[in-house]
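My request is simple: use the sequences and hints to build the entire structure.
Protein chains in written order, with the working numbering: chain A, 1010 to 1285; chain B, 8 to 199.
If you're looking for bench data, these hints aren't it; they were derived computationally from the structure. Quick reminder that beta carbons are idealized off the backbone N, C-alpha and C, glycines included. Among the hints, erroneous ones may be present.
What the hints assert, rightly or not - Okay, the calculated bits of chain A under chain B, using three or more residues with CB under 8 Å as the criterion:
hint : stretch
1    : 1012 to 1021
2    : 1025 to 1031
3    : 1255 to 1267
As the list claims (entries may be wrong) - In silico SDA-like pairs for lysine to any residue, Cα to Cα no more than 20 Å straight-line:
hint : chain 1 : residue 1 : chain 2 : residue 2
4    : B       : 108       : A       : 1012
5    : B       : 108       : A       : 1015
6    : B       : 161       : A       : 1169
7    : A       : 1169      : B       : 50
8    : B       : 108       : A       : 1019
Unchecked claim - Here are the simulated distance ranges between beta carbons:
hint : chain 1 : residue 1 : chain 2 : residue 2 : range
9    : B       : 75        : A       : 1282      : 28 to 34 Å
10   : A       : 1035      : B       : 37        : 30 to 36 Å
11   : B       : 25        : A       : 1027      : 49 to 55 Å
12   : B       : 41        : A       : 1208      : 57 to 63 Å
13   : A       : 1262      : B       : 192       : 28 to 34 Å
14   : A       : 1163      : B       : 136       : 40 to 46 Å
15   : A       : 1016      : B       : 136       : 34 to 40 Å
16   : B       : 193       : A       : 1118      : 38 to 44 Å
17   : B       : 102       : A       : 1027      : 31 to 37 Å
Given next are the chains, with one letter for each unit.
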Amino acid sequence: MKLNTPLVTLLAGLVLGVGVLVTSAVWTSGSPAAASAGNPYGSTSSSPAATTAAPVVSASSSPAAAPTTAPATPATTSSAPTTAATSAPAQSTAPAATSSGTQKGIPPKADYVGKVNGGGAAVAISVHGTKAVAYLCNGGAVASWLRGSVSNGKLNLTGKNGAHLSLDYRKSDATGFLMTDGTKYTFSAPLVHRVPSLHRQPGLYEATATVHGVMIKAGWIVLQDGSQIGSVEYDPGSAIPPTAEAPVLDLATGTAQYDGVTLVASMISGLSGSGF
Amino acid sequence: MTAQSEAPPAAPDPVSTGIGKLIVPSLIGGLVALTLGIYGRLHSPTGVVVNIAGFSSAGYVKSWLATIATVFAIVQVISALVMYGKVPRVTAPSWIGTLHKWSGRIAFLVAVPVAVNCLYALGFQTYSTRVLIHSILGCAFFGAFSIKMLILPKRGVPGWALPLAGALVFTILVALWFTSAFWFFSTFGVHR
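What follows is the structure in structure tokens.
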């Protein structure tokens, strides 16, 4: 009997399709940190580094992330005013953050900003009274906004697709991990200190605009040394917004240019209450 | 069909020849498209996928694979034109049929993981015209391809059926590429 090769082709496609489907289902269920699962448009390069539990390069400004961060102000790198950052290696806890010690009272108004362990991404957390906002981005395809409340001294922040945050507050920094899109980012983010020489202070900035009929939302984290990491989400209301590097935020004017449209950034600060 | 030897040379049974042979393949193709669409709509997109090393993100994996599939589809069209003698001054070489078959198989099989990934992680979306068109055409592509595969081994199919099916498959794939990979590369840049 002559083999019906077109049918064979169809069946081969079906088998392949089912195989890919099953593989996807198996790999993406269960352990979140496993198998480079991530945002479909997310970058894989940041996850291996970020999931290391080793108390390596902590929340100070390492030049290693230079390729992804926009070279806003090539300010001081190692002479960051916050010495708390460099002392972080000792206190950078294991990823199971809240298991180590009690959670101290959270300051009612605070902003924390820092790089994640392993570099490549940054996190910002702002607390204002009973409300809190957190943002993580890698200046590329990973961006995650978390919002929530503070009650009984504990933070309860959640974001899209199951993103959540676990924090341990100390006097001068917030240590813990942020879980988003199957990747766990550990960090020790120091309190933001005012930098007199900067027109716009380190912290968290966001901007939304409609470009060519589609909404975009940009988020920038300006680190203590004045450098910035930002990502922009395309159609943030959708289930998995495509995300890419944000245009450079001009700290002098507080604006950025995206595809011919001027984005006006507003700061989210727990200290001042802006954005809350 | 069994009565042909004894019947007078009357018109052949219309259902068993010609256009009638397209009915079942078309129904099956429609069913395939519908199934994919329903799955895409009902299944909650996970947003989480398996990444392939060497690419900066799954979006790039898909965009490049989709581009590869489209390139092979172009080979399909050109080889089909040669096979049907439509290219002036070019006579079909003996291997043209093999080229056509294999380029088609490669295009199809490369497209499958992209589609599974799309359906599984993103689902059938309607939040913008681009994704709506892409979602609909994505389902239609596999329906159209199924129809073409099912028509191929049949005898007595109208002469225009196969080229039409092939053209449909090709056009849908190109439109799919424009509503996805092209848009993706335009938005996020062309690189690995």
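Cross-check of the supplied hints:
no.: 1; hint: 1012 to 1021; result: holds (count 7)
no.: 2; hint: 1025 to 1031; result: holds (count 4)
no.: 3; hint: 1255 to 1267; result: violated (count 0)
no.: 4; hint: B:108 / A:1012; result: 14 Å, holds
no.: 5; hint: B:108 / A:1015; result: 9 Å, holds
no.: 6; hint: B:161 / A:1169; result: 50 Å, violated
no.: 7; hint: A:1169 / B:50; result: 17 Å, holds
no.: 8; hint: B:108 / A:1019; result: 13 Å, holds
no.: 9; hint: B:75 / A:1282: 28 to 34 Å; result: 52 Å, violated
no.: 10; hint: A:1035 / B:37: 30 to 36 Å; result: 31 Å, holds
no.: 11; hint: B:25 / A:1027: 49 to 55 Å; result: 35 Å, violated
no.: 12; hint: B:41 / A:1208: 57 to 63 Å; result: 58 Å, holds
no.: 13; hint: A:1262 / B:192: 28 to 34 Å; result: 31 Å, holds
no.: 14; hint: A:1163 / B:136: 40 to 46 Å; result: 44 Å, holds
no.: 15; hint: A:1016 / B:136: 34 to 40 Å; result: 36 Å, holds
no.: 16; hint: B:193 / A:1118: 38 to 44 Å; result: 43 Å, holds
no.: 17; hint: B:102 / A:1027: 31 to 37 Å; result: 32 Å, holds
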